[in-house]
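Undergrad: Please put together the full structure from these sequences, using the hints given.
Letter by letter, the chains look like this.
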Amino acid sequence: MASIVFRDVTIEFPMLNFEHRSIKKKVASAATGGLIVAEARRVPCVRALADVDLRIGGGDRVGLIGPNGAGKTTLLRAMAGVYEPTRGQVDVEGRVMSLLDIGLQPDMTGTENIRLRGLLQGLGRGARAEMADEIASFSELGDFLDMPVRTYSSGMAMRLAFALATHGAPEILLMDEWIMVGDAAFPKKASDRMRAFVDRANVLVLASHSEAIIRENCNRVVYISGGRILADGAPDDVFSLYGQGV
Amino acid sequence: MSQQQKAADDLIAGVGLFRYWAHLAWHEIKVRYRGSLIGPFWITLSLALMIAGLGLLYSQLFRQDIATYIPFLAFGLVLWTLVAGTLTDACHAFVANAGTIKQMKVPFSAHVLQTVFRNLIVLVHNAVILAGIVVLFDVPAGVTSLTAVPGFVVLVANLAWMSLFLAVVCARFRDVGQIVASLLQIAFFLSPILWDRSMLRGHTWLADYNPFYALIDIVRAPLIGATAAEWSWPMALGMLGIGAVGSFLVFRRSRSRIVYWI
Numbered sequence: 001m002a003s004i005v006f007r008d009v010t011i012e013f014p015m016l017n018f019e020h021r022s023i024k025k026k027v028a029s030a031a032t033g034g035l036i037v038a039e040a041r042r043v044p045c046v047r048a049l050a051d052v053d054l055r056i057g058g059g060d061r062v063g064l065i066g067p068n069g070a071g072k073t074t075l076l077r078a079m080a081g082v083y084e085p086t087r088g089q090v091d092v093e094g095r096v097m098s099l100l101d102i103g104l105q106p107d108m109t110g111t112e113n114i115r116l117r118g119l120l121q122g123l124g125r126g127a128r129a130e131m132a133d134e135i136a137s138f139s140e141l142g143d144f145l146d147m148p149v150r151t152y153s154s155g156m157a158m159r160l161a162f163a164l165a166t167h168g169a170p171e172i173l174l175m176d177e178w179i180m181v182g183d184a185a186f187p188k189k190a191s192d193r194m195r196a197f198v199d200r201a202n203v204l205v206l207a208s209h210s211e212a213i214i215r216e217n218c219n220r221v222v223y224i225s226g227g228r229i230l231a232d233g234a235p236d237d238v239f240s241l242y243g244q245g246v
Numbered sequence: 001m002s003q004q005q006k007a008a009d010d011l012i013a014g015v016g017l018f019r020y021w022a023h024l025a026w027h028e029i030k031v032r033y034r035g036s037l038i039g040p041f042w043i044t045l046s047l048a049l050m051i052a053g054l055g056l057l058y059s060q061l062f063r064q065d066i067a068t069y070i071p072f073l074a075f076g077l078v079l080w081t082l083v084a085g086t087l088t089d090a091c092h093a094f095v096a097n098a099g100t101i102k103q104m105k106v107p108f109s110a111h112v113l114q115t116v117f118r119n120l121i122v123l124v125h126n127a128v129i130l131a132g133i134v135v136l137f138d139v140p141a142g143v144t145s146l147t148a149v150p151g152f153v154v155l156v157a158n159l160a161w162m163s164l165f166l167a168v169v170c171a172r173f174r175d176v177g178q179i180v181a182s183l184l185q186i187a188f189f190l191s192p193i194l195w196d197r198s199m200l201r202g203h204t205w206l207a208d209y210n211p212f213y214a215l216i217d218i219v220r221a222p223l224i225g226a227t228a229a230e231w232s233w234p235m236a237l238g239m240l241g242i243g244a245v246g247s248f249l250v251f252r253r254s255r256s257r258i259v260y261w262i
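Note that the protein sequences, when read in sequence, are chains A and B. Be aware that the first sequence starts at 1, since it is given in the working numbering, and climbs by one per residue. Be aware that the second sequence starts at 1, since it is given in the working numbering, and climbs by one per residue.
No lab work stands behind these hints: they were computed from the structure. We put the CB at the ideal spot given by N, CA and C, even for glycine. Any given hint could be a false lead.
Unchecked claim - Cβ pair distances, simulated, as ranges:
(1) A:Ser-240 to B:Val-31: 44 to 54 Å
(2) B:Ala-8 to A:Leu-241: 41 to 51 Å
(3) A:Asp-101 to B:Val-15: 23 to 33 Å
(4) A:Val-46 to B:Arg-19: 33 to 43 Å
(5) A:Leu-230 to B:Gly-241: 50 to 60 Å
(6) A:Ser-154 to B:Leu-136: 47 to 57 Å
(7) A:Ala-127 to B:Trp-205: 49 to 59 Å
(8) B:Ala-8 to A:Met-15: 24 to 34 Å
(9) A:Leu-241 to B:Asp-175: 46 to 56 Å
TA: Shown next as structure tokens:
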């Protein structure tokens with residue numbers, strides 16, 4: 001059974017701007033015993049997640065809501081294993097696929113991108129050929145698959161990225177907002193496919209600002225703000241809290 | 001899981017993704033020369049011209065026999081191109097792949113290996129010059145020439161740990177990339193590539209204490225019918241041992257933070 005468990009997770013970002021990143025400051029600081037540029041010794045941090053406890057199990061379709069900078073993307077990246085927590089523990093069971101960014105190599109053709117992803121997943125030749133066929137038919141890109149991805153419209157790139165992320169039935173699918181924009185015909189197909197995953201008792205975590213999209217796809221809503229979970233429950237309950245600006 | 005285990009797993013998984021990073025490295029070469037008629041052979045061509053030009057000039061300046069000086073220069077320059085190219089690129093290994101790193105979990109070492117492999121592809125193109133020179137100048141070859149093979153393996157292994165180290169350090173301190181580029185330029189003139197150790201009068205320490213000399217010497221010497229200096233092998237192997245452990249320790253300490261730095 002797929003699951004995601006966060007125990008007391010805190011994630012802090014070091015703010016390495018030019019002031020603090022510079023080696024000059026380190027040297028100057030060391031040479032003067034920290035008398036000059038003493039602040040270079042401690043890099044300022046921004047707390048993106050603060051003591052997050054979260055338990056997501058099979059069949060959960062979680063919508064993440066919250067204002068910009070609330071920590072939604074950070075939470076998704078921590079689930080994807082991209083960010084390791086500063087404190088606390090993240091345990092993810094099940095095959096994770098993430099669609100947080102377009103994640104395609106712009107100078108590669110569609111076909112080359114599919115091949116690259118297959119190689120990353122350690123698929124053999126036969127499995128890669130199958131993957132290429134399946135993605136070609138789902139994305140309906142036709143001859144565009146032989147063109148570099150940078151020549152695609154945003155809707156086409158999205159179709160390919162979505163097909164790649166959902167290929168091979170991941171047990172856990174993580175998505176950031178942008179996927180919902182694109183051609184008019186595709187979202188129907190995308191939500192059909194998404195529903196197919198969820199029906200197989202897999203986990204979906206979706207961050208979005210759109211109440212409609214979340215209500216349509218999710219059965220649980222987590223409201224985060226300032227890196228903390230403010231509410232977690234049924235969509236109706238959480239949205240009514242969210243509407244009151246809690 | 002301990003940081004040590006995670007760092008070791010990253011390295012093992014990175015090596016296992018050979019086909020992934022090889023595909024990316026090939027792709028990068030293709031993109032760089034897309035639309036150009038002779039592709040990566042432009043580097044080869046310019047290097048060949050440089051060897052011809054410098055070979056004529058310096059064989060006169062140093063009063064060397066052109067038939068022995070040109071092969072010496074050619075092997076030195078081609079190997080130096082590998083060393084300098086790899087180390088310069090390594091500084092951007094993580095920063096250039098920030099998009100991938102922030103989107104999905106790919107072993108960090110895969111990005112480093114991709115950098116090393118891309119430079120090896122360039123080396124293969126440049127090796128055409130060397131083949132031409134071996135034939136043209138009738139460079140002596142024998143059984144001892146085969147020691148260049150383990151020499152090359154040791155050279156590349158050294159470049160691999162240096163690349164891992166630089167990739168991590170440059171992700172944290174962006175100035176280091178600039179420093180490395182300047183130091184490599186100086187190192188080129190200070191290393192026996194244009195000149196040989198035997199041309200130094202009395203100050204052979206300039207070559208003896210130069211780590212780049214050891215690395216190039218163990219590959220170049222057997223290929224041009226010379227013997228590697230006796231301390232070249234111990235020095236190259238010593239660097240490999242100490243460097244591999246040192247860069248692993250740096251990687252173990254930093255691995256989980258790299259994503260926050262880029």
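Undergrad: Now tell me if each hint is right for this structure.
TA: Here is how each hint holds up against the structure:
Taking the beta carbon of each, Ser-240 of chain A and Val-31 of chain B are about 51 Å apart, inside 44 to 54 Å as hinted. Between Ala-8 of chain B and Leu-241 of chain A the C-beta distance comes to about 46 Å, which sits within the given range of 41 to 51 Å. At roughly 26 Å, the beta carbons of Asp-101 of chain A and Val-15 of chain B sit within the given window of 23 to 33 Å. One distance hint, 33 to 43 Å for the beta-carbon pair Val-46 of chain A and Arg-19 of chain B, holds here, with the actual separation near 38 Å.
At roughly 54 Å, the beta-carbon separation of Leu-230 of chain A and Gly-241 of chain B lies within the given 50 to 60 Å, and the hint holds. In this structure the supplied range 47 to 57 Å holds for Ser-154 of chain A paired with Leu-136 of chain B, their Cβ-Cβ distance being about 55 Å. Evaluation of the 49 to 59 Å hint for Ala-127 of chain A and Trp-205 of chain B yields a pass: the beta carbon distance comes to about 57 Å. For the pair Ala-8 of chain B and Met-15 of chain A, the beta carbons lie near 30 Å from each other, so the given range of 24 to 34 Å is met.
At roughly 48 Å, the beta-carbon separation of Leu-241 of chain A and Asp-175 of chain B lies within the given 46 to 56 Å, and the hint holds.
The structure agrees with every numbered hint stated previously.
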